[in-house]
Amino acid sequence: MTELTYREALRQTLRSELLRDEDVMLMGEEIGVFEGSYKITAGLLEEFGPRRVRDTPIAEEGFTGAAIGAAMLGLRPVVEIMTINFSLLALDQIVNHAAKIHGMFGGQMSVPMVIRTPGGGGQQLGASHSQNIELYYAFVPGLKVVAPSTPADARALLLAAIKDDDPVLFLENLALYNTKGDVPDDLPAATIGKAKVTRPGRDLTLIGYSRMAVVALEVAEELAESDGLDIEVIDLCSLRPLDRETVVESVKKTHAAVMLEDDWLTYGIGAEVAATISDGAFDYLDAPVRRVAMAEVPLPYSKPLESAALPSRQDVVNAIRATLAAVGHRTSEGTR
Amino acid sequence: MTELTYREALRQTLRSELLRDEDVMLMGEEIGVFEGSYKITAGLLEEFGPRRVRDTPIAEEGFTGAAIGAAMLGLRPVVEIMTINFSLLALDQIVNHAAKIHGMFGGQMSVPMVIRTPGGGGQQLGASHSQNIELYYAFVPGLKVVAPSTPADARALLLAAIKDDDPVLFLENLALYNTKGDVPDDLPAATIGKAKVTRPGRDLTLIGYSRMAVVALEVAEELAESDGLDIEVIDLCSLRPLDRETVVESVKKTHAAVMLEDDWLTYGIGAEVAATISDGAFDYLDAPVRRVAMAEVPLPYSKPLESAALPSRQDVVNAIRATLAAVGHRTSEGTR
Amino acid sequence: MSGTTRSSTPTRRRTKATGTKASVETPPTETPPGENQPSEVERERAQRFYRQMLFIRRFEERAQRAYTQALIGGYCHLNLGEEAAIAGLMDELRPEDYLFTNYREHGYALARGIDPNAVMAELFGRVDGVSKGWGGSMHMFDVSHRLLGGYGIVGGQLPIATGAALALQYKGADEIVMCTMGDGTVAIGAFHESLNLASLWDLPIVFVIINNGLGMGTPVAHSSALPDLYRRGDAYRIESARVDGMNPDIVASATATAVDVARGGRPYLLEVVTERLKGHSVVDPAKYRSGDEAARLKGVDPVRAYAQHLTAIGVHDAESIAQLDAEVLREVDAVAAFAAASEFPDTSTLFDYTYASPVPNDSRRLPGDALYPAAPIVGGAA
Amino acid sequence: MSGTTRSSTPTRRRTKATGTKASVETPPTETPPGENQPSEVERERAQRFYRQMLFIRRFEERAQRAYTQALIGGYCHLNLGEEAAIAGLMDELRPEDYLFTNYREHGYALARGIDPNAVMAELFGRVDGVSKGWGGSMHMFDVSHRLLGGYGIVGGQLPIATGAALALQYKGADEIVMCTMGDGTVAIGAFHESLNLASLWDLPIVFVIINNGLGMGTPVAHSSALPDLYRRGDAYRIESARVDGMNPDIVASATATAVDVARGGRPYLLEVVTERLKGHSVVDPAKYRSGDEAARLKGVDPVRAYAQHLTAIGVHDAESIAQLDAEVLREVDAVAAFAAASEFPDTSTLFDYTYASPVPNDSRRLPGDALYPAAPIVGGAA
Ligand SMILES: Cc1ncc(C[n+]2csc(CCOP(=O)(O)OP(=O)(O)O)c2C)c(N)n1
Ligand SMILES: Cc1ncc(C[n+]2csc(CCOP(=O)(O)OP(=O)(O)O)c2C)c(N)n1
Ligand SMILES: [Mg+2]
Ligand SMILES: [Mg+2]
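Chains as they are written, first to last, in my numbering: chain A, 95 to 430; chain B, 95 to 430; chain C, 211 to 592; chain D, 211 to 592.
The following block holds chain A by itself, in its conformation from the complex (with noise of 0.2 angstroms):
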């Protein structure tokens, strides 16, 4: 057991999987001589050299595609998109490509690629450097796509995208490089499409993903303190598959829910997650499955408008509080 930042545990999976497997690669822009963007990739290009860690020029659209190709051919490249906005530009590559590529042919041949990028927001990159578009993958089948929030799951979930078949889409993100967490020695790769109870309770499902899913843990805990709340904490971990059972069990024991996220509200990720537990525990929910997001704005650069349209802790607290009264309402009232 090690404690590591988010960054170091995806640093040391990169580098024990190069030392593994000769047929991995690293391919991006900056991730050789300026160490990475974010420095995920900081001393592999010295220790494995440029066959290895390929430094790219600006062309996203054409190193993900020839990432495509020498996934084809038996390599298993990772590949870093600098963030997922740029992601726009290589996405004729992903999903018209990669993700297609094994059922278009009949099965022929799969893609064992991996794009590592992060997402985020609240740095003041400003609009079109502060998207959450994970959607846009998600999505999308033949791709699976998956968002680890802490460095252990960052590391359990790389060894799995590392070793897939298919396309994965390896979701990071800004404001977690740098947190802590421990890290098991011997931590084996995870399974893609599984969600985690990352906190048991019956009184309420909280649920996110990525650093939304931290901020649930945090607030969770927050709440147990200050208001004696027993909150249950799902980590969706995997977006494409949704494991929509463990979802969907939980609310069934909570009877509520507020889902977590950094995209926009309408048709983001938590439109599914609400939709289905509005399906799947249609039976058991006491209220309206809240849903805190961005704002729907092109996000502003100046601070304070920037923080106005992310969500905050206390917009989490508040909706969990909204939520808990509603069902009080509606049970008390007896309406079900």
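Each hint should be verified, as a subset may be incorrect.
Below, in silico cross-link-like pairs of lysine-lysine (DSBU-like), each with a Cα-Cα straight-line distance of 35 angstroms or less [said to hold, decoys possible]:
1) LYS346(A) <-> LYS346(B)
2) LYS133(B) <-> LYS508(C)
3) LYS381(D) <-> LYS397(A)
4) LYS508(C) <-> LYS274(B)
5) LYS347(B) <-> LYS347(A)
6) LYS133(A) <-> LYS381(C)
7) LYS257(B) <-> LYS488(C)
8) LYS397(B) <-> LYS288(A)
9) LYS381(C) <-> LYS133(B)
10) LYS257(B) <-> LYS381(D)
11) LYS381(D) <-> LYS133(B)
12) LYS497(C) <-> LYS497(D)
13) LYS397(B) <-> LYS488(C)
14) LYS497(D) <-> LYS381(C)
15) LYS397(A) <-> LYS497(D)
Here are some chain D residues pointing at chain A (derived, C-beta under 10 angstroms) [as the list claims (entries may be wrong)]:
16) PHE334
17) ARG336
18) VAL337
19) GLY339
20) GLY362
21) TYR380
22) GLY382
23) THR395
24) ALA400
25) SER434
26) ASP494
27) ASP556
28) THR557
29) THR564
30) SER567
Hints listed in this document are in silico derivations from the structure and should not be mistaken for laboratory results.
Where a beta carbon is used, it is the ideal one built from N, C-alpha and C, also for glycine.
Got chain A; can you put chains B, C and D with the ligands on it based on the hints?
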């Protein structure tokens, strides 16, 4: 009142707008000499010349971006992207630029452009040519997304889109181009952001957009005939903004809803609609909102596979019956 | 124009990449097509070329017919007019080399040696198709013949092919990649990004522009600011050449040079000037072509021209040509019959190829399937 | 290299586009920089250039300081080293011409004549900023000075600028568009698509590559297979030139040619070779630069070099230079004070700019707001 095909309604509207406003111009691949891949622009190059009707090379990102710049300087470009699948290549321009320019620069300039593009499936075009990814646009604040299902709406919404000062994604559908309907001669522009109750009813709310709004209406009529059911049909017309109120008010009356869509189920457009209903009509809904959508696979070429993967009329009928059964089940057992 | 035109004989072929740049080991024997007294090897190749071209021609015509009979769906783009280009290009690839094409690829599949039955069955959407019926006309794929697709998104194959070449270099392999595209494809961003990467990284890849003069209805001069497409190579320090694509011998010679360069570890850009004799796809009447243009096309036919050439040099005569045609037509009929008799894929296989590896919680619902079966009522749940 | 180096005097400027291609009306007066006896007009321009360069230098240094004081957030890219390029480029634009840049644009905003207070206030995220605080360092925009952004997505500005030029052509306007980008940007697809469109359509646009040798930590030779970036113009039949970007006079001369060509209705590609004296952005220590490289950079400074040049030709002396510097520093301090005193945008304005036109059912919820207020219980609803 004239009976027109959806195609002809579009063509005539483009023509009348070209006549009305010198700043309106058309751009796209094969819209001129070739008269449009789907002949929506037939005859327009001949009538208006290459200045107004501009054939472009195969460069979706380039010409869509060019339309943005032209719109900033006062033109009202109407871009045709041959099918929505190819719009992935222009996504950075649409999402990171067209949708952001007004907000990101503090409201100094608007981007009055329209992107016309057909979705669809069921034409045996294979996985990369048969996607319904309107979600990618509907998700983005700063864009407006409309999806007419009838020739009259095609005209009214295209008029509105061209006059609108914001970028509008105008979703057409390959399977609708040959459908016919009456188009009033003096039809005014529609209001973007409004859904329509296309058939009033009391038993269940059936919701669709684009092709599925047509299917919804047809199935409702059939079931009125065959089963004496009184189904209310809603055509969303606009995906962003989404007219939640019209949907929720309907379900408050009918207590049950089925959502129809041609895209993939998980995270699809219907997820938000279902989540919205489950929230807004929480105390009224007697059974889970059922979604009828495409199977979550890269759409295969072979006809039987393709047919199995796409929602059929029978699938819709089954979903309605199952939902009504669930309502009966629950209400008869007195769960409310 | 930097490509040399040489006859391509098996002795000239390298059996191993040397790592050096495109030097030629044995001096080329200059045998301009049309000259008399072809060698036995040349006669054999000429016959092979002609048979292949003819087969592609008849196959495509058969596909066209099947399309109008609604046996084929979707878009269907034919290689009519491009037979010589295909024969010449494919002949210079080793079986272990990799090929990526656009959606106009039936002829390439055939010339790579894929069973015509499987090619036609794919068009018919049957299980015996090269892509098991999943791909159709635009998406043929055969891993054993190293045809790695058939791509319908214009330019989509370029970055992927570039990456395949990267993998070959990574592994120190001797194979190369060939990636074909149309003239209209040159305008798309992926062209630029791919050629730049291939050159920066010294990848073993031949990019081939099949310049048939049109992208749908758009002439090259309207899609490319520099209509000499092969000269685009200069912008990436990629050696390039333009070659007449109506004669397979000429194409093969130029391809040999290109392949040598690639085998030596540098990309190459080859522009093959050819013709699209019919519409963009089966359903396109090509009304945008002028009367003059249509008249000109009547006089242009690589298959007929090569037949005349072979007759002139005594490799064929009118009778053997007619005989061959009859034979090919019979074969193509058999191919169509095979395809028509092949089964459609079973709908139970619908979810088989979404993922290559098993995955929990994968969504395998058919349209309208309940997300959750109606729950039995649990009265005391709340 | 096709650009001619000429002195740029107001008399040489065209007042109207002629529609002809880039011919030069008055023969250029060759005045190589460094030569003695500048004319009064030249002295004036030199002084203007120097003051502008110095102002940009001090402004950027002030921004850097403010960043470390956490008064500026996000990414912050400075023009240190590019002052001469900016001064020369901007001087040749008419006020009614349009400018699109990448995210490294503070200096351009200043040189276009935008109030420095508004530029600094934008960096501080205040309402008085050019983009009202919505854009920040990367997204400056001023419609009245025709700076149409400030774009943070590499290459994103190119298609847009191309379209702006299309609108000018459409309207028969006399203005042109200038679109700047970095050397690293040349590798992206949008570069290719935009230059091809601009040439095919004869658009009045000058594409400028600010070649500061690096894209973040990547040298040009690692991003472009053809490191002579201006030669990329050939691939699109676009006239092009490379010019020394460390002297504003030289840049202005080359820009004059480029602008003339654009005003005449053809695109132009101008490569301006300059230096990035510091890291990619304020937070980048640029450790990837070798010791030699760092040492070399110490000797390179366009502002200092121009000061020396102006001293040599008698336009300035040590005293006037020191005086000017003190003056500029005072101004920049005032600018920073203004920005610090400016208000933050009110959070009530959060939803003001999502759409330009009013729209029903727009979502204006703050995070955590209920989609629907908890409904009053309607007992008999079911
Ligand atoms: C990105 C994209 N844009 C548009 C299309 C539609 N389309 C299919 S083929 C084609 C023309 C391609 O022309 P060319 O590259 O010359 O190939 P050819 O058809 O002549 O073989 C177009 C525009 C597409 N498939 N993909
Ligand atoms: C599409 C995209 N990819 C990557 C980035 C991250 N990025 C920002 S600036 C930059 C380097 C650009 O270099 P260059 O074009 O030379 O401009 P310079 O910074 O030198 O002015 C990169 C890679 C981005 N903003 N957009
Ligand atoms: Mg072509
Ligand atoms: Mg640079």
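If any of the earlier hints don't hold here, list their numbers in rising order. 3, 4, 7, 9, 12, 21, 22 and 30
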